[in-house]
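K.L.:
Chain residues, written in single-letter form:
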Amino acid sequence: MTASGPEELPIVSDEDVVRVRQAVRGYAQQVRLSLVDQTKLVTATSELARNTLVYGGGGSARIEVVTDNGREGIRASFQDEGPGIPDLTLALADGWSSGKGMGLGLSGARRLVDEFDLDTEVGRGTTVTVVKWKR
Amino acid sequence: MAGEAGHVHRLTELLRENADVLIGRWVESAAASTRGRSTSAELERDFRELFTAVLPVASGDGRDLSGNGYAEIRSLLEELSRTRARQNFSPAETASSVFALKEPVFQLVDEQNDQDLFRQVLGFSSLLDALGLWTFESYSRARESIIKEQSEQLLELTTPVVKLWEGVLAVPLVGTLDSARTQVVMEKLLEALVETGSEHAIIDITGVLAVDTQVAQHLLKTVVAARLMGAECTISGIRPQIAQTIVALGIEFGDIATKATLADALRHALRREGVDVVRRGDGVKR
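In order, the protein sequences belong to chains U and Z. 1 is the number of the first residue of the first sequence in the working numbering; add one for each residue after it. 1 is the number of the first residue of the second sequence in the working numbering; add one for each residue after it.
Because the hints were derived from the structure by calculation, they are not lab data. Since the model is a prediction, treat every value here as computed from it, not as a measurement. Be a bit skeptical, because a hint or two may be false.
To spell it out: a stretch of chain U is covered by chain Z in this simulated footprint if at least three of its residues, at any positions, have a beta carbon under 8 Å from a beta carbon of chain Z; those stretches are [as the list claims (entries may be wrong)]: (1) 60 to 73; (2) 108 to 117; (3) 122 to 132.
Listed below are the simulated DSS-like cross-link pairs for lysine-lysine, each with C-alpha atoms no more than 30 Å apart in a straight line [to be verified]: (4) K188/Z / K163/Z; (5) K188/Z / K259/Z; (6) K163/Z / K100/U; (7) K148/Z / K102/Z; (8) K221/Z / K100/U; (9) K148/Z / K188/Z; (10) K221/Z / K163/Z; (11) K188/Z / K221/Z; (12) K259/Z / K100/U.
Which residues of chain U face chain Z? A partial, calculated answer using Cβ under 8 Å [said to hold, decoys possible]: (13) V18; (14) L35; (15) R50; (16) L104; (17) G105.
C-beta: ideal position from N, C-alpha, C; glycine also.
With the rest of the complex left out, here is chain U (with noise of 0.2 Å):
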């Protein structure tokens, strides 16, 4: 897992998330985050494959190695064509699922990475952006 260029990844089935995850780890790995960032910027993939794959019927994710001022992070973005998320406040809501998850997925990913942006219009799909920068 030495590639620093973007990589995209199909999510269709459970191992695909595992690889996605598995992935996310090489390039967390590869700018030397600290275990803890590593371990919650792969949870916070984890959990938002998993739900490009559940809730968003499939899709894919991108990861990238990004720069900025001379600092490195990881850049993971999930997109599906899904339904859409209708109510944001709730969605982000501990706790609140539309599923049979805990309903700490998405609301959970956010406050284990540095930066969140969802973007999601109703019938057209969801893409989730998060960055973990090096400290």
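Assemble the complex: chain U is given as a structure, and chain Z must be docked to it using the hints.
P.N.:
Using the frame of chain U, we list chain Z on its own:
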């Protein structure tokens, strides 16, 4: 399958007459690419079988390999691919064994200087192409089934339930926890609780790389199920980075006992069982 009814297929005749020479040269050219992983004797045995199965279909062009006439050669090639996949041959090496028959046949036909034969050998060449591709496909199917077997074995392997003490069981979890794995873990643990009559179970997650909400939910369900059976469950092996991630995610383990290490969890369970571990007073190691 006979190309021209009533006529004897000349190429088939030629192949039959020169069988021994052809097989010899075939083995020779294939032996180079198998690099000593199969002995010439093995190759010769395999190729002789294949050759015998190819003869009846030599007049076909292999356009419809799924037909009944090809049943025998198909199953032979499948067998070959399967053994080669297990012996770690690459798919290219496996398929090139089939293609290797082309050269000796072309050479032989070339020596005959016969227009009819030349036309027939073109058909034979596409037959071999089709057979080679079939080998390729069988090879990947064989590989896939090996991978599937291995992942099933792994599923069993990585979830042992061990007895640490009278009444105390432990399940060390390693790697990725998905729904299938967790299901196996839960079933094994609950069964072991009944069999051994244990009242304490320790789920150790030292080897789990990341705990996300799905993993946490699975763990919580397992603990609740164990409780319903009257057993108490402790989750151990929560490393610093996992602890911080769990807090940030907002997962609450409620009143479930969690410990940093398996040793702590064992001590906790023993205390609950009424067992005290004390160092001998005399200070002498025996």
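K.L.:
Now, for every hint given, state plainly whether the structure supports it.
P.N.:
Evaluated hints:
1. 60 to 73: With 0 residues close enough to chain Z, the hint is violated.
2. 108 to 117: Coverage by chain Z holds here, the residue count being 4 at a Cβ distance below 8 Å.
3. 122 to 132: Per the Cβ count (0), the hint is violated.
4. K188/Z / K163/Z: holds (13 Å)
5. K188/Z / K259/Z: holds (22 Å)
6. K163/Z / K100/U: Measuring from Cα to Cα gives roughly 34 Å; hence the hint is violated.
7. K148/Z / K102/Z: violated (35 Å)
8. K221/Z / K100/U: Holds, at about 13 Å.
9. K148/Z / K188/Z: Distance ~21 Å between K148/Z and K188/Z Cα, so the pair holds.
10. K221/Z / K163/Z: holds (22 Å)
11. K188/Z / K221/Z: Holds, because 14 Å separates the two Cα atoms, which is no more than 30 Å.
12. K259/Z / K100/U: holds (28 Å)
13. V18: holds (5 Å)
14. L35: With a minimum Cβ separation of about 5 Å from chain Z (threshold 8 Å), the hint on L35/U holds.
15. R50: holds (6 Å)
16. L104: holds (5 Å)
17. G105: With Cβ-Cβ at 5 Å, under 8 Å, it holds.
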